[in-house]
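*Asks:* Below, each chain spelled out in residue letters.
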Amino acid sequence: MTKPLSRRAVLRGLLAGGGVCVALPWLEAMQASAGPGDWPDRFGVWFFGNGIRPDRWIPRGEGTGWTPSDEFVPLADLRDHISPLTGFEMKTATHPHHSGMTGIMTGQHYHQLGTTRDTIVSTFARRSVDQDAAAWFAGQTALPSLEVGVTGFWGTDEGTTFQHLSHNGPNSPNPSETDSVRLFRRLFGGPTSATVTQARRSVLDAVGDQTLALQRRLGAADRARMDQHFTSIRALETRLAAAPAACVPGAEPAPMLDTLATEQIAERNALQSELLALALACDLTRAFSVQFSTCGSGVLFWQVGARDGMHVLCHTEAQPQPTVHAGVVFTMEQLAVFLRTLRDTPEGDGSLLDHSSLLITSELSDGSLHTNTEYPLILAGGGNGRLIQGQHIRSDIRRNTSDAVLTALHGAGITLPEWGVAEGWTNRTIGDLLA
Amino acid sequence: MNCLPSLLAALVACATPPLGVDPPVQPDPSTPDPIVEPTVPALPNAALPRLSDAQWRASAQDLLAVPYGGPLPADYVLHGHASVGASSISTGPLDLEQYEAAAWFVADASLATPGAREARMGCRIDPRPEAELPAEDALACLRAWAADLSARAWRRPVEVGELDTLTTLAAGLFETDRGLAARAVAAAVLSSPHFLYRVETGVPDRPDAWRYTDHEVAARLALLLTDRGPDAALRAAAEEGALSDPAQVRAQAERLLESPHARDALGRFWRELFQLDQLFTTAKDPTLFPELDDALRSGMAQELERLMLHLTLDEDADVRSMFTTRTTFVDGPLAALYGLPPVARTTQTEVDAERGGVLGRAALATVFSHPTLTSPTRRGKLIRTRLLCQSVEPPPPGVLASVDALPDGGTLRDRLEQHASATACRSCHDDIDPPGYGMEQLDPIGRLRTLDNGLPIDASGELDGAAFHDLAGLGRAVADHPELPGCLALDLWRHATGQAETDAQLAAVDDLATALTDAGMRWRELLLTLLSSDSFLRLRPGEVSAPAERCDGVDNDGDDEVDEVVRACATEHGPGVEACAAGAWTGCAPVPASTGPLEVCNQQDDDHDGQIDEDLAIALTVSAPDELRAAHEACDVDADPLSGPCQAAIHRQCASSGCAVTGYGPVTDDAAFVCLSGDRAAVVPTTFTTLASHHPDCFWWEAHSPACNAAIHRFCASSGQTTGFGPVEHSGDTAVVVCTPRAEVIETSYTVAATHQPLCNGATDRWRQPCRAAFHDLCRARGALTGHGPLENSGDVAYVACLYGDTP
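Residue numbers (our numbering), protein chains in the order written: chain A, 1 to 435; chain B, 1 to 808.
Treat the hints as calculated values from the structure; they're not laboratory data.
With beta-carbon atoms standing in for the labels, derived distance ranges:
1) B:626 - A:266: 39 to 45 Å
2) B:135 - A:417: 57 to 63 Å
3) A:55 - B:454: 34 to 40 Å
4) B:584 - A:194: 42 to 48 Å
5) B:690 - A:201: 53 to 59 Å
6) B:176 - A:416: 42 to 48 Å
7) A:254 - B:638: 32 to 38 Å
8) B:418 - A:60: 35 to 41 Å
9) B:780 - A:257: 52 to 58 Å
These stretches of chain B come out as covered by chain A in the derived footprint (C-beta under 8 Å, 3 or more residues):
10) 187 to 194
11) 284 to 293
The structure presented is a predicted model; accordingly, all values stated were derived computationally and were not measured.
Quick reminder that beta carbons are idealized off the backbone N, C-alpha and C, glycines included.
Same shape as in the complex, but just chain B (with noise of 0.2 Å):
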């Protein structure tokens, strides 16, 4: 029996079938086919395809700014594609705890400070020392912000049943601590059906085929190009009605292909079909190849996925000179690996050398073999099942599959030869092998040989009827074969509808493959040819259709309610959710202003008062004790707010987030501490040696003190920068201290600051909590935002450094 199935009969033909399966059907041929009316190409059914690992992390990236590097549920690939096993893998209760754990994990680190929480929302949930924020008003901000959030995460409208649903898990959380409650709502979304899974049903436009909505189309677009959900440009075009036209579908692919994310999600794709992730779990024998080490299995990954996108993105090349270039791209070690000049250790550089295309580079060569030896089986079995879409037959149960080791050696070949003599081993073994002979010039790492176990290597096979001599030929050989463009059209397509084929359907994928080759053999353009097409765009009637509601009047998703969706919207005040009656937007109905947005460092007028970035070099900040334990594990700001790692704690808390590089206090009863930008302080590393030069009491070990106080602001002054205030860090002799050369330095007197702080009266405190809180009241009524000290002191005389907004 012929061992080489035509592609697109798609059945098994080699050897016989496995006992238990059912042999293929064969047609009758006496009775006459039936008359079938013409119609659509049989369409993919709707699927509920679960996010990939990739999927996960870059939505989550984009939805709330935070990478996850934690464990996720591992990607199912079914039929050579994960995109297969996404549609048909579950979720059992071990995978649901990782996705709750990287939601919260997200969400924790996504909005941990007030300062984070504001940039996120674009309104205040949280009270500050100086203003007060009703909870109500607060919750319209939450609100404002988990609509915008949650149709995104969702890639979809949003119904106002949704939003009151994530609107009361946070309210129920509110007066417990508003920070969680935020972090609830984002760990919600996160953890939605709606995200993990893409949803889509459908809509019955015509009896025979549906069509995905809008919606639909737009998340199908960007998961696959881009591994998130919709940019705002695909989500405007879904509103508007756009991607019911295959040719704005076509235009949406080719803007998102110009992506850098495209390179990641379909890099992925070439990584996939090549089983390049193998490369990690292939285990060889570290004796024999001490070299093989992670950076050069990924340096041999990174150069195919490399190859490929230059080759079909950034060329636009005949896609069949995969097998022939000469491009390669290597990194240090696989330099080193291929015998060429030294290279950059970790990036990659384009070199040329004559490698025989994608088969004669180190990956496919390393994956395709044992731990000590090649394998021309496994080998021969990479060209035609993964390369060329043929089928071959597994070793049947109760033969003995061995490979009896020679007693006087010889080549592998030669063994395999007398293995393949075997007859219940021929009819496959004289398929699968002689391509593979063709890469025997290749050791088990993918270095060049001419010799196996001493002997000269003989590289020569024939792969359906094209002979050939050696790695050279084989590239040609499958270059030329007539199965391959039908091959590459038909893993795009499984890549892409996250379907196996049916029979029905290879009439879909030969579509496809003739225009792969009457465009000259472009793969870009077998990609975009196959997102306008019906394959991608349309779906088999189902057995619900019930898509998600939008606002067009039309009950979309069969609930008896019409256009019960709300959408995020922005004013000039900020930001506000807006809802639907009778098909259009009702307005949008922003959040009240005492949520309004405060300005930050970021070049923008955020509070809409015509100022850019005004008052921000100073800011009064508030973070809770645990937000400071996180920034430095040792401050119990409770306990001891002025000790070293809480000032610490502060001054990191202040360098992360808006304009601020630093900051101190606390300066309030409510632990408000003050973060101040560049132009303000300079952070200053320095000794306690230097230090104790200035004032001879400052020690390392009492690094908080008057002395220290009067030494760094003699050290800052002495550089001509006024004064300053620390140590922020220090370890050691080391001393990181701040200077603020901006500060008007004042003399003053404990009898006056006892008039703001009673208890900073010189005998009670001269310099602990309640005096920086006094000097802070001090500086202020005097006109400046903040002030501190004591920079000296002596009897009932004290120096303090006054802060301005603009420079007095």
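With the rest of the complex left out, here is chain A (with noise of 0.2 Å):
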């Protein structure tokens, strides 16, 4: 049977700290074979802005053994589902912002489009490893990837790097959204008949031939494009092939009329966690990202008492940046709320969070000086038993912050030999932390 899932209800119980309750006739039906391990695999990144103080961020103590710093007390009552790893270097830096971002999500050097008249243009080299997960997974499930954002800020520089965190190559972004009407819609809004989607089919069909046709008449840099167009066309036929969802969600969501002065951060980061969880619970897809707030994000938290975006504060406010400080505590306090949402979503012997990998990161340290050591990451998630948890790992030797992408990878049964190009390389992954 399948039971209609009020958008309210769930809140309520969010609020009350019990779980999310999905009923799924599928999961009913799978749990009575299913054993330990056969839940899907999941990875995702979970990213916001500008950094964080890294005075403040670093927790006491290693291994198992550690006490929450300043910034990490929001994730207290997750600290046995999470990894903080500190000490670890970005090592393709070269420019601020650009580089951390690409570095991170894509192991490389970012590609630079040009010098603007006030900054560089650059986009990302090669696709980003939320996309290294999606082609792993691909062919499981009706989208290929989610992409969700939460804060409404659009980066300033030129180029996709300071707007778009997932990426399938240079200039391909696939955009974060930020909308929870549209998300709804996109993920459960489903097709209206079995004619109408059979049309639609058709009409793919006709225009994926013509696709491939006007390829051959381009020059090399435009036939790549095509080629994505291409691919693009053929995720939304196997979307369209696909069952429908076996779950039925609640109502959609009301649409939010908040302005960016004055943005219900907190409400939107919660709608959009439980949109996110249900798409995975639903298997929609197993390959994620949030971006929280873009890369130099402007996003103003009001809540905190900034009175100005939080990438002019780190450049603005007088040391020790107690207002940047908060805006970094208001962030990990929205992440613990995603990572609940997770946690609290039952999932056959465990929940989504034990089936997921996640990888939580930003695209610098201290966001007033744009270092690059002592990169912010965190490791969330079991990875179906294949991470152990609940460890502070400390690197003295400013360990390749591609070792801790590599190892969420394997986190999700990923296991690619290798990750990253050049400095940003690395085929180590961080022992500990692998069951």
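Got two chains here, separate frames each, mind docking them using the hints?
*Replies:* As structure tokens, this is what we get:
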């Protein structure tokens, strides 16, 4: 039996600290035969812009005996599900924000599109790590990947690096959806009728053929762009061919009418987290990313008394930057809401969080100095038993941040032998974290 | 090191280059320059720009007459221009989903009903109750329409194979749902990469420089100047090969500049140059600036856009006057912000006010400042990078780029000057901030002010040797800056070509700057010069030259087929399709006569019978159940066609199409209903209280009943309007009824009615569906077009209203 899930009920459940109740027929059916490790693997990135305050970030104590620092306090109840990694260094750092963003997401230097009149213009040189995961999981779900955003500030620098987290390649971003209504409709606003769905598939089929024919008349660069276009057509064809989601969500969320100056960040974060958890529980996708705020984001954390955007604050507030710190703590509170939503969504013998491997990070360490040492890194989730969480891993040798990324991939069963390019290259995982 | 590189060197010269970026290669002075043969200026490469958001919407509306307000992929601004990013951006899965949804939305909305389909196609694919339409005839109509739609949407001749694909797509759906087949064709046309991208490859007419084909030039010109594909005149010019002549291109550009669409398209150029869209994403402290709502932000953006269009197009003035003009356009909120006398709230009024040109207007002051503070740095960067095309450097990594608060206050300028005194920052801030100081007279939302933090403002500064004392002086310094013409030329070059210039291409930009100066700094002349120059009409020889096939006896696209194109055409009997052979069109093959257009209410002779709008006062119409449900969500026409919601749905469906103002029905077994024009029917709002005064048993909870029929008949008759039907809408005591003053009221009987519909025998039915059909048929047997009733009935007697095409 399919039970409608009311958004209000879910929110109430969350606020009361209760679990998200998802009643799914296929899950019930699956549960009878499923054993440990039979649950889908998921890989996700949770990204926030402008880094942290290193002096208030690094937890005390190492291994399992760590105690949360000021900026980890909001995550205290999730202690056993997360592992802070500190002392790591971004090896591809050359330019503020741009290199950290591309370095952490691709393990590679950014692809420079030129020098504009006041900064550089850059994009990703290759697809981002969430798309590495999407390629690994290809064909298993209706959506190859899902990109979710929370805050509305749009990056200031030109090029895709400042705007987008997920990329298929250079100049080929996957925009993050910040509008909960649109996200809901994309996930659950199912097809109208079998006849119309068939017509849509026929149209895509014709358009796909035309796209391939056009490719032959183009130069190399545009052939590559048409290749992406064709891949996207195929992704939609796959989606239309897939059986409709076996779960029925509750009512469509009400539109939020906030402005950038008064963004309802906590409310939207809770809603987006919940929709993402539903998408995962319904197995609509297994690779995802959450762009809480963009690289170099100017998000206004008025909730903690900020009167300037985060990026500007990082450059204008007097040391020790109490408002910046409060903004980081606020961000960690939102991360905690997301992680709890996954933790409190039961799936078989555990939860969505137990069956996921998450990389939580930013594009630099200290926003006022644009530093790339003491890089903010958290791994979270049990990875279907592959990850041993609850440890503070401290590196005294400035380990490559790519080691953390590769470990997170392995945690989701994505056993790539290596990841990254040149200085960002690695074939090493963090042994203590992998079971 | 000098922080002011000359524009045309276009090299970063400020401070040190950022790490990881190769320093510019300096030519070795010991080796002489190689001798280069004179050649055309370096040209842009072939590109494949994706339609901008505005271009998609305008084009779709142009093609299918439906505005689209839903989401589309975001424009990608590179080097200051969305047109540059459009040639780089790829279409990921989410983007593609949005394009697909938008295409279907427009297709569905445009082709929802048989009437709408006929109006768009000029021929018919849907059968009428009285006229069957064989599938192959209907497909011929759809094919002729698809030929026209695709050629316009794809901005080039269409190949016969492409039209076959569209026809096959339709044929596969035709048996299920002819409307869906038409909508699928429209969705396929709008989902095509040939619509979504501007496909252009050029032709190699010279070894050193190719030229865009005539159709490519037409598309470039039309999209740039009107946001949509070429209009009929431009298509004809391309077809004739006229656009190989730059003078003709210029003439077409001048013509398009007169179009209202050109104001939208070029207005956006200025919005982009001034980054006005950031007005809506710039957060300001709501406690300090509570008046800054979306209406005020919009007024700010529109002021600058309107002012620039006024100066450049309407006045064709010296563009430098933008920095000194007193002319402004304000709506209510902006006038209040400026402290001007009140004007109309939502329309822009031209006002004379001393605001120091564009730099003194609220928009730039607001975008280029912080949520609580102004920003001489951001404002200085605006002047240097956006208006003068100079380069400045970002703070290098590892430098503490922060303005610590001064313990005892001071103006922002005091604090910045202290910051700039730090050695690492000095070289850049000494250049960036001083021009920005000229705008310190404007607060973070653009109000004039004299104090900052309680202290008098010092708005003096310096711009590359020109000292100024205030905002007006800053405007004059920018207007007189020697790099301004080059920067205006460069921005327009980027915008129009959709590319970032290479060093070699700067020579062409230089020529444009000279042309601008020679033309008395008239920007319109700069635009026309550019559009008829090699920079816009020619391209660098590419990897592939496979332009679209055209009807010219040549294998243009290199597929070993010659002239495999078709085009839409028209004959006196309706639209058709025409093939090409040996470089000539072979004559129009019209669609079969059975699909010929029916007369529609437009003061034209649509069906080519010599009469205008004949028989249109009364039209028999069929709508699919889901179309009626779209008109009123509670109408289930299969379950209960006489229900209030279905009567309302029929009324609304009629009122939304053709000549009609209302309608009634169904009058046949296949649910056809009758639409009536305004000269046959008067829609009259009234109340059930009034109706009950004419017949006491007409209640709102039983609004469709013999008693209400009688009440409406008497109500209309009492005002001299003969008779009527309804209610077509009702809610509470309110009812909307329809009087039919030109009807003929006849007395008949259920005995006679039963000869038309056996169930309408006075016993089984007296007024429901069988009798509606019977009275309709009964009137038609008398030579009328339709009829409704019973108006009154008693025993075997029934009164019926018959409606005639011409007054009997």
